[in-house]
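Asks: Each residue of the sequence shown is one higher than the one before, counting from 1 in this note's numbering.
Hints in this document: simulated from the structure, not taken from any laboratory.
Some hints here could point you the wrong way.
Derived DSSO-like pairs: lysine-lysine, alpha-carbon spacing no greater than 27 Å straight-line [to be verified]:
# : residue 1 : residue 2
1 : K62       : K50
2 : K82       : K31
3 : K31       : K62
4 : K50       : K111
5 : K62       : K82
6 : K50       : K97
7 : K31       : K111
Keep in mind that this is a model prediction, so the values were computed, not measured.
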Amino acid sequence: MEVRVLPMSGCMMLFLGVFTLGIAPVAMKLKERNWPQRVDEQGLLTRGGKAIAWNEFTGIEKVITRLQGGVTTERYDLHSPKGTVSIVVHRLVDGNKVLQYVWERLPEHVKTAKS
Numbered sequence: 001m002e003v004r005v006l007p008m009s010g011c012m013m014l015f016l017g018v019f020t021l022g023i024a025p026v027a028m029k030l031k032e033r034n035w036p037q038r039v040d041e042q043g044l045l046t047r048g049g050k051a052i053a054w055n056e057f058t059g060i061e062k063v064i065t066r067l068q069g070g071v072t073t074e075r076y077d078l079h080s081p082k083g084t085v086s087i088v089v090h091r092l093v094d095g096n097k098v099l100q101y102v103w104e105r106l107p108e109h110v111k112t113a114k115s
């Protein structure tokens, strides 16, 4: 399954670019390298090119971020010796389906591990 990222609004990217002297958009793109590009029966491939098999994952962590104005975002971080893969559900096309697909393939010990 190919995983597609929902584009951020052009106005938001322009705002962030101007007020951070171009740093925020670049940092956001670099962070996306840890997001999945493809998931299949063997494991996943990150946007940065790392292939990680399902049995290599050691933990999953739900990360909730609360911003001013009551905005809340959440992501799921999958931990492995090769690095952390972030599944940012609200930024992915069919993000809930991607998360469900990943959850169904993670080893049972990962689902119950404390991260």
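Asks: Now tell me, hint by hint, if it's right for this structure.
Replies: These are the hints, each one checked on the structure:
Taking the CA atoms of K62 and K50, the gap is near 22 Å; set against the 27 Å cutoff, the hint holds. For the proposed pair K82 and K31, the alpha carbon gap of about 15 Å is at most 27 Å, so the pair holds. The straight-line distance between the Cα atoms of K31 and K62 is roughly 17 Å, inside the 27 Å bound, and the hint therefore holds. Straight-line distance between C-alpha atoms of K50 and K111 comes to about 22 Å, which keeps the hinted pair within the 27 Å bound.
As the CA atoms of K62 and K82 are separated by approximately 19 Å, the hinted pair is consistent with the 27 Å bound. Taking the CA atoms of K50 and K97, the gap is about 22 Å. The hint holds against a cut of 27 Å. A threshold of 27 Å between alpha carbons decides the hint, and for K31 with K111 the separation of about 24 Å falls inside it, so the pair holds.
Against the hints set out earlier in the document, no violation occurs for any number.
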